[in-house]
Structures are given as structure tokens and as C-alpha cells.
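Taken in order, these protein sequences are the chains called S and U.
The numbering used here applies: residue 16 is where the first sequence begins, and numbers increase by one.
The numbering used here applies: residue 16 is where the second sequence begins, and numbers increase by one.
Since the hints were made in silico from the structure, they are not lab data.
Fair warning: there could be bad hints in the mix.
All copies of an identical chain are treated as equivalent in the list; a pair is satisfied when it fits inside any one copy or across any two copies.
Said to hold, decoys possible - Derived BS3-like pairs (lysine-lysine); straight-line CA-CA distance at most 25 Å:
{"#": "1", "residue 1": "Lys231", "residue 2": "Lys287"}
{"#": "2", "residue 1": "Lys256", "residue 2": "Lys344"}
{"#": "3", "residue 1": "Lys287", "residue 2": "Lys256"}
{"#": "4", "residue 1": "Lys282", "residue 2": "Lys231"}
{"#": "5", "residue 1": "Lys282", "residue 2": "Lys256"}
{"#": "6", "residue 1": "Lys133", "residue 2": "Lys344"}
{"#": "7", "residue 1": "Lys153", "residue 2": "Lys282"}
Computed from a predicted model, the values in this text were never measured in an experiment.
2 protein chains.
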Amino acid sequence: MIPTNSIGLVATQTFTFAEDAPFVLDSGATLQPVTLAYETYGQLNAERSNAILICHALSGGAHAAGYHTGDEAPGWWDDCIGPGKAFDTDRFFVICSNVLGSCYGSSGPTTINPATGKPYGLGFPVVTVQDMVRAQVKLVDHLRINQLFCVAGGSMGGMQVLDWAADYPQRLRAAIPLATTARHSPMLIAFSEVGRQAIYADPAWNDGEYYDRPNKPDAGLAVARMVGHITYLSDDSMQEKFGRRLHGQERYGYDFRTEFEVENYLKYNGHKFTRRFDANSYLYVTKAMDYFDLSTNGSLMGAFAGATAVKFLVVSFTSDWLYPSYHSKEVVKALTAVGADVTYLDILSRWGHDAFLLEVETMTGLLTNFLGRLWREERKPYAVNRKPFAANYEKEAQ
Amino acid sequence: MIPTNSIGLVATQTFTFAEDAPFVLDSGATLQPVTLAYETYGQLNAERSNAILICHALSGGAHAAGYHTGDEAPGWWDDCIGPGKAFDTDRFFVICSNVLGSCYGSSGPTTINPATGKPYGLGFPVVTVQDMVRAQVKLVDHLRINQLFCVAGGSMGGMQVLDWAADYPQRLRAAIPLATTARHSPMLIAFSEVGRQAIYADPAWNDGEYYDRPNKPDAGLAVARMVGHITYLSDDSMQEKFGRRLHGQERYGYDFRTEFEVENYLKYNGHKFTRRFDANSYLYVTKAMDYFDLSTNGSLMGAFAGATAVKFLVVSFTSDWLYPSYHSKEVVKALTAVGADVTYLDILSRWGHDAFLLEVETMTGLLTNFLGRLWREERKPYAVNRKPFAANYEKEAQ
Chain S
16 MIPTNSIGLV ATQTFTFAED APFVLDSGAT LQPVTLAYET YGQLNAERSN AILICHALSG
76 GAHAAGYHTG DEAPGWWDDC IGPGKAFDTD RFFVICSNVL GSCYGSSGPT TINPATGKPY
136 GLGFPVVTVQ DMVRAQVKLV DHLRINQLFC VAGGSMGGMQ VLDWAADYPQ RLRAAIPLAT
196 TARHSPMLIA FSEVGRQAIY ADPAWNDGEY YDRPNKPDAG LAVARMVGHI TYLSDDSMQE
256 KFGRRLHGQE RYGYDFRTEF EVENYLKYNG HKFTRRFDAN SYLYVTKAMD YFDLSTNGSL
316 MGAFAGATAV KFLVVSFTSD WLYPSYHSKE VVKALTAVGA DVTYLDILSR WGHDAFLLEV
376 ETMTGLLTNF LGRLWREERK PYAVNRKPFA ANYEKEAQ
Chain U
16 MIPTNSIGLV ATQTFTFAED APFVLDSGAT LQPVTLAYET YGQLNAERSN AILICHALSG
76 GAHAAGYHTG DEAPGWWDDC IGPGKAFDTD RFFVICSNVL GSCYGSSGPT TINPATGKPY
136 GLGFPVVTVQ DMVRAQVKLV DHLRINQLFC VAGGSMGGMQ VLDWAADYPQ RLRAAIPLAT
196 TARHSPMLIA FSEVGRQAIY ADPAWNDGEY YDRPNKPDAG LAVARMVGHI TYLSDDSMQE
256 KFGRRLHGQE RYGYDFRTEF EVENYLKYNG HKFTRRFDAN SYLYVTKAMD YFDLSTNGSL
316 MGAFAGATAV KFLVVSFTSD WLYPSYHSKE VVKALTAVGA DVTYLDILSR WGHDAFLLEV
376 ETMTGLLTNF LGRLWREERK PYAVNRKPFA ANYEKEAQ
């Protein structure tokens with residue numbers, strides 16, 4: 016049964032572009048055509064000014080909210096998208112599209128290569144976060160939206176948000192990067208690479224050519240996902256969630272079967288992941304994250320020089336050791352230095368990197384307030400004045 | 016050339032016991048016979064009172080110091096063991112033995128099972144840290160040492176140290192557990208399990224039966240080691256060591272070859288590891304660590320109730336996120352509660368878990384002072400009085 020506060024039944028749509036002229040990637044390689052899978056929730060208003068673009072993380076897709084026919088679980092951010100929720104579909108027109116390189120309907124290694132009639136596999140060109148965003152710009156153009164009210168997302172979604180602000184500052188009113196970085200760290204690259212190595216090590220991966228074979232590199236992909244799962248949690252949350260509890264037994268078995276609850280959790284989620292994600296896409300999407308670096312000579316100021324009119328809500332979480340708060344603080348420092356309007360919160364949480372999805376109540380309050388304030392400003396006659404709220408408030412008082 | 020401050024050329028010896036009666040493990044399984052590989056450095060004094068037992072971590076062995084004939088690199092803790100070094104071989108008789116279950120000469124899965132004439136493989140019984148220590152007690156008996164001057168070690172070595180103090184408090188004068196825990200956390204179990212899953216996922220592992228085959232589960236073991244390597248470093252030390260530097264190229268290659276210096280480091284060390292370590296031993300040793308828990312109903316006080324006469328130097332490192340300082344603080348709290356003499360240091364370091372091996376200067380000062388104080392006390396007529404140093408000092412002043 017679909018809950019009453021859900022946006023309800025939704026369906027994924029596709030948008031195909033670059034049919035006549037190739038889409039040029041950062042690498043110099045081209046794609047022709049390019050397809051993006053996307054979903055929308057709520058209604059675009061007459062001024063086309065109420066659109067919010069949601070950007071997903073590593074393993075996400077366009078299905079961010081509501082239910083697909085027959086599904087028991089809603090989209091990945093249903094907690095925050097829907098009528099009366101943080102991204103309130105009674106007020107906003109919410110868009111979410113699957114990133115380039117992924118496997119949920121957008122062009123990626125599982126897509127049929129028109130030149131060969133077979134899936135691209137490793138023949139798919141390596142993409143960057145900037146390429147993902149450039150494709151999203153095409154979608155927003157297609158929807159005839161000149162300026163997004165907001166772009167929001169966590170983790171790799173947050174990287175896309177930061178790239179929107181850096182490369183297309185005129186196209187968004189506000190940006191909400193959550194639990195993210197403007198510069199992928201060596202530790203993040205290391206965890207990405209271990210996941211990729213686990214996939215390469217699986218003989219069934221076969222240099223990426225497995226789509227027509229009975230065996231897929233599920234074992235390697237599962238190990239990659241298990242590593243990922245540890246990094247999304249925290250020492251503290253694992254103590255609370257699992258402790259040293261045994262799984263289905265009362266004493267040590269002195270064998271190599273699954274014994275501890277935490278082992279069971281990892282195995283279960285690792286293998287479940289192989290039923291919904293593609294190993295090659297895992298390589299492409301993690302590689303895009305590794306390349307992500309908006310800095311020049313160690314400084315982020317240049318990247319955000321054009322983003323002075325964008326309003327930012329930057330959020331990090333105290334127990335997120337994968338994207339520690341200093342990443343967000345560096346972004347905030349650069350934004351402040353260029354004179355942008357930034358609200359920053361380092362939220363006390365035990366839930367590690369996953370907190371941006373799990374701290375629903377805190378996030379709902381925060382997002383509702385931030386978006387509500389902007390919405391009220393937007394609808395005032397002097398909304399064209401892009402000065403910070405305090406300045407506007409002063410004007411109103413005069 | 017062997018440096019002049021090295022203990023020089025050394026050789027591994029073996030000690031075999033349980034030839035007539037089986038050695039009973041915590042699981043109830045038995046081993047008959049049991050062999051321990053060990054090395055000693057320095058001279059045992061006439062009173063047999065100057066012996067220090069060094070316990071190694073996951074992938075270590077008996078070769079802790081000096082050089083084996085033909086080797087270019089010394090033993091794993093040569094920085095701290097030798098003439099004039101922290102564990103000063105001019106004063107102390109230093110012993111290090113390879114743990115049960117490992118692959119450096121002690122009984123483990125690579126050992127020939129006398130019942131079959133073939134390597135045990137997974138037929139080797141699962142061992143615990145307590146089993147490892149009980150075998151070390153046999154070695155110490157064999158060397159006719161009634162009381163060790165000290166037992167010291169980091170990481171899994173520290174677990175053995177804590178178990179010596181808990182189970183054989185009369186057999187040691189002092190204990191130095193470094194960067195360790197008395198209770199393996201779910202995060203530690205999770206990282207162990209991911210390493211094991213990487214090995215299981217390698218078809219060459221073949222349920223542990225690969226000793227007579229040309230292909231070994233090197234790919235899986237390498238991935239396990241890569242995960243390990245990340246956890247031994249810190250975000251900060253990786254920034255300093257690698258940053259986002261590329262390896263052997265000046266710009267992104269937009270392919271899946273090794274590009275970043277940190278990827279090269281992981282791959283190199285992962286594969287190097289497979290030339291020196293056995294995949295089955297990796298399973299056994301990590302499993303022993305996962306079982307390690309000295310607490311009863313969440314409290315460590317019971318474990319250390321008999322250790323009030325042992326002098327402890329407990330050390331943790333601020334950037335060690337694998338064995339965060341709270342683990343050591345829990346040990347210190349319990350030791351203090353039972354009235355043991357504890358010195359605790361939480362050392363400011365950027366080097367993560369590896370700090371216990373890398374912070375040589377700090378560790379040398381610390382260990383030298385601690386051991387020197389005990390040594391002077393030991394040689395005073397009232398040394399039998401096992402009260403804390405301060406009390407002894409007062410006596411001396413009277």
C-alpha cells in the first residue's frame with residue numbers, strides 16, 4: 016500500500032539528444048546519441064521558476080521518489096521528496112535524472128553501441144562529473160527551464176551540485192551540497208580503486224565483456240559494495256547496529272561461516288547489490304568521482320568566482336569519515352571568500368556518511384527552512400536583488 | 016651492508032611441543048604436534064630475568080630484528096630492537112615467535128597434516144589469540160623463563176600482550192600494548208570479513224585447497240591486503256604521501272589503467288604481499304582477531320583482576336581510526352579500576368594505525384624511559400615490592 020504522504024505512482028521517462036551532432040566529453044571522446052533517464056514529481060509553474068534538480072550518488076538512479084508499479088519500496092530519497100516533505104511537491108517541480116555512465120536507463124556501458132549493435136562495455140568513453148552535469152543541462156534545456164530554483168544532492172550528488180554552481184551559476188538560484196567534497200581525496204580514490212580491483216580480480220569480469228555470458232562478475236562487485244558499505248557507516252553506528260552480536264548462533268562456531276551480525280549485513284547487502292547494479296557502471300561512476308577536483312593550484316576560489324548570486328546550504332556530518340567535515344569547510348571558505356551567501360551546518364550525527372539519507376527529521380527541518388526562506392524571497396518584488404537575506408530584510412524594514 | 020646498530024645476522028629457530036599429548040585449543044579441537052618458529056636477540060642473564068617477548072601483528076613473523084643471510088631488509092621491528100635501541104639487546108634478551116595459524120614457520124594451514132601427509136588447508140583448526148598466547152607460554156617454559164620482564168606488541172600483537180596480562184599475570188613484570196583493543200569492534204570485524212570475502216571470491220582459492228595447484232588465490236589476497244593498507248593509513252597521511260598526484264603521467268588518461276599515485280601504491284603493495292603471505296593464513300589470523308574479546312558483560316575489569324602487579328604502558332595514536340584511542344582508554348579505565356600501575360599516552364600523530372611502527376623517535380624515547388625505570392627498580396633490593404613507582408620513590412627518600 017502506498018502511503019498517503021507519497022507522491023504515489025511514478026514512471027521513468029527518457030530524453031535523447033546529440034542525435035545529429037555528437038556530445039563531446041571532457042576526454043575529447045564523443046557520444047552520439049545520448050539518453051538520460053529521468054523522473055519528475057509535482058507541477059512546473061507558469062513562470063517555470065519552481066524546478067528543483069536532485070542529483071544522485073554512486074549507485075542511485077532517476078527514481079528518487081514515489082513508487083513504480085508493483086514495487087514495495089519507494090525511490091531512494093522518498094523520505095525527503097513528496098507532498099509536504101522537505102522537497103515539497105505541492106510547491107516544487109522536482110527532477111531527478113540518472114547520471115551518464117550508470118545503468119538505470121541513461122547512456123552507459125550497458126547501452127547498445129550503435130556502431131557494433133552490442134553493449135558498449137569498456138568501449139563506453141570514460142565520463143566525468145562535469146560530463147554528467149553537462150548532460151543534465153541539456154535535459155533542463157529540453158524542459159525549457161531557464162533557471163532552476165535549486166540543485167541538491169549528497170555524496171557524488173553533491174559533487175554535481177558544486178559543479179552546477181561552478182560551471183552554470185546563472186542556471187540556478189540555490190545549491191545544496193550535502194556530505195560531499197569539491198576535491199576527491201586520495202583516501203576516497205583508494206577506496207574507489209579497491210572496489211575496482213575487486214571487480215578486475217573476478218575472472219567473470221572478462222575485461223568488461225560479460226553481457227552475453229551466463230556468469231557476471233557478481234563476486235567482485237559484491238566485495239566492492241561491501242567495502243563501500245563499511246565506509247558509509249561509522250564505528251559508532253556499527254557498534255549500535257551490530258555490536259559483536261552473532262548471527263543465528265549463540266556461540267562461536269570456530270569455522271569460516273558467517274558468524275557475526277555485521278558479516279551477515281555486509282554479505283547480504285553485497286550480494287543484493289549485484290542484482291541491481293552493473294559492474295562496469297561501478298567502474299565508470301567511481302572513476303568519474305576520482306577525477307573530480309574543482310580546485311586550481313589548491314584553491315577553490317576560482318571555481319566559484321561566478322557563483323556569487325547563488326545561495327548555498329552546505330551540510331556535513333560529524334561522524335562522516337569518508338567525506339569529513341573539512342571538505343565542506345573548504346568549500347564554505349572559498350564561497351565566503353568570493354562573497355557568496357552561504358549557510359553551513361556541521362550536523363552532530365552518529366550515522367557516518369549515510370547520515371545525509373538517515374537524518375530525515377534534521378534534514379527535513381533544515382531543507383524546509385532554507386527552501387521556504389528562498390521561496391518567500393523569490394516571490395517578493397525585489398527578489399531580483401540577489402544580495403543576502405539580511406540586506407533584503409533591511410530594505411523591507413525601511 | 017648491515018648497519019652497525021643492528022643486531023646483525025640472525026636465524027629463525029623452531030620449537031616443537033605437544034608431541035606426546037595433544038595441544039587443546041579454545042574450540043576444543045586439538046593439534047599434535049605444534050611447532051613455533053622463533054628468534055631471539057641478546058643474551059639471557061644468569062637470573063633469567065631480562066627476557067622481553069615481542070608479539071607481532073597480522074602479517075608479521077618471528078623475524079623481528081636483524082638480517083637473515085642474503086636479505087636486504089631487516090626484521091619488521093628492527094627500528095626498535097637492537098643494541099642501544101628501545102628494546103636494547105645489550106640489556107635484554109628479546110624473543111619473538113610466529114603466531115599459530117600464520118605461515119612463517121609456526122603450525123598453520125600450510126603445515127603438513129601428519130594424518131594426511133598434505134597441507135592442512137582449511138583442515139587446520141580455527142585458533143584464537145588465547146591459543147596463540149598459550150603456545151607462547153610453552154615456548155617461554157621451554158626457554159626456562161619463569162617471568163618475562165615485559166611483553167610488548169602493537170595491533171594484534173597488542174591483543175596478545177593484553178591476553179598475557181589477563182591470563183598469565185604472574186608470568187610478566189610489564190606489558191606494553193600499542194594501538195590495540197581488548198575487544199574487537201564490529202568495524203574491525205567488517206574489514207576482516209571483506210578481506211576474507213575477497214579471498215573466497217577468488218576461484219583459485221578453491222575452498223582452501225590450492226597448495227598443489229599452479230594458481231594461487233593471489234588476486235583475492237591482493238585485494239584483501241589493499242583494503243588493509245587503506246585502514247593502516249590516515250586521510251591526513253594519504254594527503255601528505257600521495258595527494259592527487261598522478262603516477263607516470265601528466266594528465267588524466269580517461270581509461271582504467273593505474274593513474275593516481277595512491278592506486279599504484281595499493282596495487283604494488285597488494286601484489287607484493289601475495290609473494291610473502293598465504294591466503295588461508297590470512298583467513299585464520301583475521302578470524303582469531305575477530306574472536307578477541309576480553310570483556311564480560313561489557314566490562315574488562317574481570318579480565319585484569321589478577322594483573323594488579325603488572326606495570327602497563329598503554330599507547331594509542333590520535334589518527335588511528337582503525338583502533339581509535341577509545342579502545343585503549345577502555346583498557347586503561349579497567350586497569351585503573353583494578354588498581355594496576357598504568358602509564359597511558361595518546362600520541363599526536365598523522366600516521367594512522369601504522370604510527371606504532373612509524374613514530375620511531377617518539378616510541379624509542381617512550382619505551383626506553385619506561386623499560387629503563389622498571390629495570391632500575393628491578394635491580395633495587397626492594398624490587399619485590401610491586402607498588403607503583405611513586406610509592407617506591409617515597410621509600411627511597413625516607
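So which of the earlier hints does this model not fit?
Hints 6, 7 not satisfied by this model.
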